[in-house]
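Let the hints inform the model, and build the full structure from the sequences given.
Protein chains in written order, with our numbering: chain U, 1 to 247; chain X, 1001 to 1407; chain F, 2001 to 2206.
Simulated from the structure, these hints should not be mistaken for lab results. Honestly, I wouldn't trust all of these hints.
Pairs of lysine-lysine residues, derived as BS3-like cross-links and limited to a Cα-Cα distance of at most 30 Å, are as follows [said to hold, decoys possible]:
(1) X:1337 / X:1379
(2) X:1353 / X:1379
(3) U:13 / X:1079
(4) X:1023 / U:22
(5) X:1153 / X:1345
(6) X:1153 / X:1400
(7) F:2002 / F:2201
(8) X:1353 / X:1153
(9) X:1153 / X:1079
(10) X:1153 / F:2201
(11) X:1132 / X:1379
(12) F:2100 / X:1153
(13) U:13 / X:1184
(14) X:1379 / X:1153
(15) X:1337 / X:1023
(16) X:1023 / X:1079
(17) X:1400 / X:1023
(18) U:19 / X:1023
(19) X:1379 / X:1023
(20) X:1337 / X:1353
(21) X:1400 / U:19
(22) X:1184 / X:1132
(23) X:1353 / U:19
(24) X:1132 / U:19
(25) X:1400 / X:1379
(26) X:1132 / X:1079
(27) X:1345 / U:13
(28) X:1079 / X:1184
(29) U:13 / X:1132
(30) X:1400 / X:1353
(31) X:1400 / X:1345
(32) X:1023 / X:1345
What the simulated footprint calls covered on chain F by chain U, stretch by stretch (three residues with Cβ under 8 Å from a Cβ of chain U suffice, anywhere in the stretch; the number is not a length) [as the list claims (entries may be wrong)]:
(33) 2028–2034
(34) 2124–2138
(35) 2184–2193
All C-beta atoms in this analysis are idealised placements derived from N, C-alpha and C, irrespective of residue type, glycine included.
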Amino acid sequence: MLKTRVVPTLLHKGWGLVKGIKFDSLRAVGSPMQAIKVYNLRNVDELVFLDVTATTEDRGPDFSLVDELADECFMPLAVGGGIRTVEDVRKLLSVGADKVVIGSAAIEDPGIVRLASDRFGAQCVVVSIDTVGSDVWIRSGTTRTNYNAVEMAREMERLGAGEILLQSIERDGVMQGYDVETIAGVSGAVSIPVVASGGAGTFAHMLDALRDGGASAVAAASMFHFTEQTPMEAKQFLAAAGVPTRV
Amino acid sequence: MSEYDGVETATRALIHTRSPEPKPIVYCRSCLIPETKPDIFFDEDGMCSACRHYDGRDDVDWAARRVELEAVLERYRSKDGTTYDCVIGVSGGKDSTTQVIRMLELGMNPLCVTATTDELSDIGRRNIENLKGLGVDFLEYTTNPIVRRRVNKLALVQVGDISWPEHVTIFTLPVRIAVQMRIKLIVWGENPQNEYGGPAAAATGNTLTRRWLEEFGGLLGLRVTDLVGQEDIEPRHLIPYTYPDDDDLARVGVTGIFLGYYMPWDGLQNAIFAQSYGFETWPQTIEGSLCNYENLDNHQTGIHDYFKYLKYGFGRATDIASMHVRRGRLRREDALKLVRLHDGKFPWTYLGKSIHDVLENIDMTFDEFIDVCDRFTNKRLFVTDRHGELARGADQHLTKINDDNPE
Amino acid sequence: MKQRVAIVDYGLCNLDSVRRAFETLGAQAFVTDLPSDLEYADRIVLPGVGAFPDAMRNLRGRGLDDALGMQVLEEGAPFLGVCLGMQLMADLGHEVEDTKGLAWLSSQVTRLVPTATDRRVPHIGWNEVRPARESPLFAGIPPSADFYFVHSFHVACAHDEDVLATTPYCGGFASAVQRDNVFGVQFHPEKSQQYGLRLLKNFLSV
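See below:
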């Protein structure tokens, strides 16, 4: 049976990795290379790498950095941040990303989702939906849209997205639990996998997102970055609770 | 086949040139610390959190803190002299020598614990002996050198920090000893966050918790358990690196304090103090540094400091210069000159020992070492040639894209 | 003697991970899009991420379809198709638009159909691969080991004997196929860590 994935997220800004609280007060936490190598040592299920200010700084992805990091990854890698064109998608896949995460562009230029999906396959295309409650915000949580998460998820599925990365802005970095209600709304509305993100502080939070929220995978950044809890321990906890995971 | 190689190189060059334009590194207006440093914040005036925090230090009532300290020590002092009053993790350096002197002044009976480095220098050995001679019971714990060298190498390759095992044992060994010998109080010197800023909660804290250790103790995300299975390392090899569990800590009631919270704590001041008590310094400025009075005990430190430079674009010279600038001992423009002379230079020697000897001890060739250097170098911080490769000088020295804010 | 493994580049995706995986295993892996290079290879790998029609267009455009047919079917070079690479061996693909494949195995590529318990497509994540019979490709790998899948389409084989392994998702589908020297895996061995590397190592000695 298909195993639930526990996915560490790396947020990159400027010169290195950052940790944020509610997509703000980004605090530099170190070199991406060493984080990737540690996760590689730990055989994690999958890794998400997001360049959090590419869009607000009006620039594209840093392909040479992704190239270097992908060289260290012997596990599936999803890369996002600043993707605006199909060419960006192609380049990221060619330097080593297995999937791309499209955020603001999915709202500002939804055609890119269809184009990328047709050309590279839906399974490569992850659309990230950042929410406050059920409202969708873009541009690293600085700009509100008129969409709600469920509508957007349905639309993105229709356009060919293969997966949704659902991130709660208000719970980001706070480690008080995921936004289970919104997750449940979105996962119930689509037939593509939904990855829950934003708010994980304990393994029990992850279980809630999976059981009550119906997510297919759980992502976490702050919770893992400071070494206190590892993805393997998370999976062991989930396995003991009856959730199929790869342990 | 060679046709393909050409295509691949051209494609890589193309990918490189289409990457975002490198913006200059921003430095603190007051000291020389760059924005790349983890856990540092810059405010709207361009001043870094370490400088801001240092300014805030003038407001501390040291007399009141001294009273607090005496109260804490009294609480933990042995009532009948059958157990030690505290554990002090020491290295023989300026800070630990000063800590011991201060504790003796305050009437404490400490057990000094040192986790000896694998590449202990002669001067480091002399300083340890000097510390013992101050009049303390001393426990010197050397870890299995065969395992230690494997871990040094593994940590260098995996997280770009050759000294990771030393960082770990500095914390774990005093705490393990405290638990085993039922000594409640551990006295450390400086809370790094007090000097270098960081999130407010940690900067004003005065006790050590496991959570603190893993968040700020410089473990770089690598856990002791990650080592098992690598290079034939088994759990039984890792006993000294293993932090006691929370139950044991709670059972004994182990807690830790930082002297740097209770008294003004400054590296140079401690060096002057300790020297009067026999602490020995290096005859010239230490390689990559601006001083001769710290990090005297480990020949691997040159490599350790170098990797900080590769990852974040600043090294020990910058740290020291910035500290002196904050305290008014150096003007920023002079500090910059000194940093340009010494910061981030390739560590051909450290305390006079050649890098080749150090690498041989951890079973690594020079070429392998350069490979690892490249892997961890944040290429956007340094000048590259037109192929996107790092431009290395004749002595392997790298050049940063800018070493100060543009005019 | 190091095995020379040719990794076929038909312009669609990253080949570095596959190449590095083989190099880690001690093979001499090279990436090529030149039909003429294929005859120097001891083994041939066709990886793939992307959509079926684009892939076939690119293969044909570079003359790789014929060259592969020659080296693999006629000369008998051991061949491994990965993910899309496995799908391309079919007669016909139904992704985006109906497209003819290499037609090496009687099969069609169709979309996974969600079921009550397996609601979500694409199939993304780690899932069990159950070999249908003994095979050198799965030597030393436990019978229900997890491998990493990321796909929406699957290969429906006309002949059961071509099915080397199945995975229980959306009613069950062929996750590995084999006929003589031709192997295909729907999952990504280069992303499947220890068992994936073991499978690739096994491929180097079939």
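Hint check results:
1. X:1337 / X:1379: Holds. Residue 1337 (chain X) to residue 1379 (chain X) sits at ~24 Å (cutoff 30 Å).
2. X:1353 / X:1379: With Cα atoms ~28 Å apart, residue 1353 (chain X) and residue 1379 (chain X) stay inside 30 Å; holds.
3. U:13 / X:1079: Violated: residue 13 (chain U) and residue 1079 (chain X) sit about 54 Å apart, past 30 Å.
4. X:1023 / U:22: holds, 26 Å
5. X:1153 / X:1345: Judged against 30 Å, a Cα distance of about 21 Å means the pair holds.
6. X:1153 / X:1400: Given pair residue 1153 (chain X), residue 1400 (chain X) holds - Cα atoms ~27 Å apart, limit 30 Å.
7. F:2002 / F:2201: holds, 12 Å
8. X:1353 / X:1153: holds, 18 Å
9. X:1153 / X:1079: violated, 46 Å
10. X:1153 / F:2201: holds, 27 Å
11. X:1132 / X:1379: violated, 45 Å
12. F:2100 / X:1153: Violated, at about 53 Å.
13. U:13 / X:1184: violated, 42 Å
14. X:1379 / X:1153: holds, 23 Å
15. X:1337 / X:1023: It holds: about 23 Å lies between the C-alpha atoms, which stays within 30 Å.
16. X:1023 / X:1079: violated, 61 Å
17. X:1400 / X:1023: holds, 12 Å
18. U:19 / X:1023: Cα-Cα ~21 Å, so holds.
19. X:1379 / X:1023: Holds, because 13 Å separates the two Cα atoms, which is no more than 30 Å.
20. X:1337 / X:1353: holds, 26 Å
21. X:1400 / U:19: holds, 26 Å
22. X:1184 / X:1132: holds, 22 Å
23. X:1353 / U:19: Cα-Cα ~39 Å, so violated.
24. X:1132 / U:19: violated, 43 Å
25. X:1400 / X:1379: Roughly 9 Å separates the two Cα atoms, so the pair holds.
26. X:1132 / X:1079: holds, 24 Å
27. X:1345 / U:13: Within the cut-off at roughly 27 Å; holds.
28. X:1079 / X:1184: holds, 13 Å
29. U:13 / X:1132: violated, 48 Å
30. X:1400 / X:1353: holds, 26 Å
31. X:1400 / X:1345: Distance ~11 Å between residue 1400 (chain X) and residue 1345 (chain X) Cα, so the pair holds.
32. X:1023 / X:1345: Status holds; Cα separation ~23 Å.
33. 2028–2034: violated (count 0)
34. 2124–2138: holds (count 5)
35. 2184–2193: Answer holds; 4 residues pass the 8 Å Cβ test.
Checked against the numbered hints above, the structure violates hints 3, 9, 11, 12, 13, 16, 23, 24, 29, 33; every other hint is satisfied.
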